[in-house]
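Chemist: Next come the chains, spelled out residue by residue.
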Amino acid sequence: MVVENAGTTARNLDATREWLERNLNSTAVIETERFSFFYGKEQALRDVSLSIPLDGVTAIMGPSGCGKSTLLRAFNRMNELYPNTRSGGTVRFLGQDLLKADPVAVRRHIGMVFQRPNPFPKSIFDNVAYGPRVHGNRNRAELRDIVEESLRRAALWDEVKDNLKKSAFSLSGGQQQRLCIARSLAVRPSVLLMDEPCSALDPKATDRIEATTRELAKELTVVIVTHNLQQAGRLSDHVAVLLAEGVLAEFGPTKTVFEHPCNEQVADYLCGRFG
Amino acid sequence: MRKWAGALGDHGTAGPPLDLRPIRKAGFRGLVTILKERWDRPVFLALASVSLVALGLILFFIFREAVPVLREIGLGGLFGTRWNPTGDPASYGALPMIAGSALVTVAALVFAIPLGFAAAAFIAEVAPRWMKDVAKSVLELLAGVPSVLYGFFGLMIVAPAFQRAFGLSTGRTALTASVILGIMALPTIASLAEDALTAVPNSYREASMALGASRWQTIRRVTFPAAFSGLIGAAILGMGRAIGETMAVLMVAGNAPQITASLLKPVRTLTGAIALEMGETAMGSTHYHALFALGVILLLIALVTNGLAEWFRGRLARKHGR
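First to last, the sequence lines map onto chains A and B.
Quick note on numbering: this note's numbering labels position 224 of the first sequence as 317, and the sequence is numbered without any gaps.
Quick note on numbering: this note's numbering labels position 189 of the second sequence as 329, and the sequence is numbered without any gaps.
Some hints here could point you the wrong way.
As the list claims (entries may be wrong) - Have a look at the derived ranges for each label pair, beta carbon to beta carbon:
{"no.": "1", "chain 1": "B", "residue 1": "S343", "chain 2": "A", "residue 2": "E126", "range": "30 to 38 Å"}
{"no.": "2", "chain 1": "A", "residue 1": "F262", "chain 2": "B", "residue 2": "R360", "range": "16 to 24 Å"}
{"no.": "3", "chain 1": "A", "residue 1": "S119", "chain 2": "B", "residue 2": "S343", "range": "33 to 41 Å"}
{"no.": "4", "chain 1": "A", "residue 1": "G365", "chain 2": "B", "residue 2": "A258", "range": "15 to 23 Å"}
{"no.": "5", "chain 1": "A", "residue 1": "G365", "chain 2": "B", "residue 2": "G284", "range": "54 to 62 Å"}
{"no.": "6", "chain 1": "B", "residue 1": "L282", "chain 2": "A", "residue 2": "G266", "range": "56 to 64 Å"}
{"no.": "7", "chain 1": "A", "residue 1": "N177", "chain 2": "B", "residue 2": "G284", "range": "27 to 35 Å"}
If you're looking for bench data, these hints aren't it; they were derived computationally from the structure.
Predicted model, so just to flag it, every value in this text is computed and none were measured.
All residues carry an ideal CB built from backbone N, CA and C; glycine is no exception.
Produce the complete structure using the sequences and hints provided.
Modeler: The following block contains the structure:
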């Protein structure tokens, strides 16, 4: 419950910004400092230090196996669902030590969308209402409002408003992914993590997810992992490039990194010479 | 013989580029080739039919021996409420045994299902790797203990304990049988339920945890509902196990053929009646045929439970695309 003291909801980016500037003198929502991560004996991340800014979309890129998903999953403590993992360094969320917080509380504030759409085998309504229900909301009218609002924000409402009782599996892949976004939004997170959310989707569905993501970035912080250079270019304001063995090679505004990469390997990577 | 040379297009005169004709040779050598290459289907078919034929024969003989009872006492006689084959007049009502089996089985499941599901949830969702392995082998061990030993345990430990605890004249009651049966059905239910929970894709658990649900909330609200049909299948197979068990029940149920709803009275089950009385009947007598009729009832219950369980378990697999 420590994390809750920061007093943020998805609705007041400005308030959060003010709070951050007053109390921490920074604009970073999440900060890592020499963060390392191990699966057993294998090191997936090495001394990663970066600050995820409050505003806009931050993309994490890099070749396969560089640990970009691991870094993303460190932000909502998903890595530790699996045995034999350990981490070093610190991760701070609004100034508080994320690694010492209660993981369940952390995940209420930092939502996640996965690589493959993974709706529950329940109705569309129950999928979106799942989070609020788990957190103790039993008021039907309130739940209905939350479901509608979340589906609207995920740009899915118009397509499903008459079929809320239908199984989530009746939707197409792109719709399912937007349903998963709505499901995350229903718990009103301050940060939304997206782990290659379009890699299982066709170009048209990808477009819609990207447009939705841009809209969402006006209200909350979005961190997205992608291996698609164009997508990162279109979507992100900041970009972090990880290279082999989980070393952070470059971090900065997308435009700067794409046009003038400092690191030679990053330049090669961005030109598509490897990865 | 190159009569279809060039049939696949113009490849010159040397015949088709690939020989796609079926392998067929004339004479004895042809037969040998066919035997060498095509022996598998008939052999496996024969092996597979052995079990089908065995099942067919069992069904046939049990039905054949049971049918005369319909002629002798009729369906009404068979579903009477009194079982007294050696009395005068003799009566062959099977209801006391059906009720006995039902009572004992239901009572056994009442505690075996929750315990089995809880054990499965622990093994599948909570336990670390090494504990999982230990728990699974313990379950297998429990399933492998000969039933007569369960009966022995019930007779020597559970029955006297209940006798003392409830102040009964005998500890061999429906309750004792239920407890023993429940323990025996537990490994079946737990390991099948564990299979069902393990079959639930991890992506559901991740989605739930990422929304800030606790592990317990995830189990209760996502994993269990997703595995529901598999869990029902596990429960039904556990029921089949309990209803078909003979030796252990025979030893502890008290075997009084009476219709009762009290767990503290002795009851006789379908299986118990057959095992107990088959040795003492004259072959071909009405009693003998009536016992086979009990067997038919038992068999039908077993077929229905197995069919239902397989259907439920198959539904789980279809639902999550595995």
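Chemist: Evaluate each hint against the coordinates.
Modeler: Outcome of the hint check:
| no. | hint | in the structure |
| --- | --- | --- |
| 1 | S343/B x E126/A: 30 to 38 Å | 31 Å, holds |
| 2 | F262/A x R360/B: 16 to 24 Å | 21 Å, holds |
| 3 | S119/A x S343/B: 33 to 41 Å | 35 Å, holds |
| 4 | G365/A x A258/B: 15 to 23 Å | 54 Å, violated |
| 5 | G365/A x G284/B: 54 to 62 Å | 60 Å, holds |
| 6 | L282/B x G266/A: 56 to 64 Å | 44 Å, violated |
| 7 | N177/A x G284/B: 27 to 35 Å | 32 Å, holds |
Of the numbered hints given earlier, the model fails hints 4, 6; all others are met.
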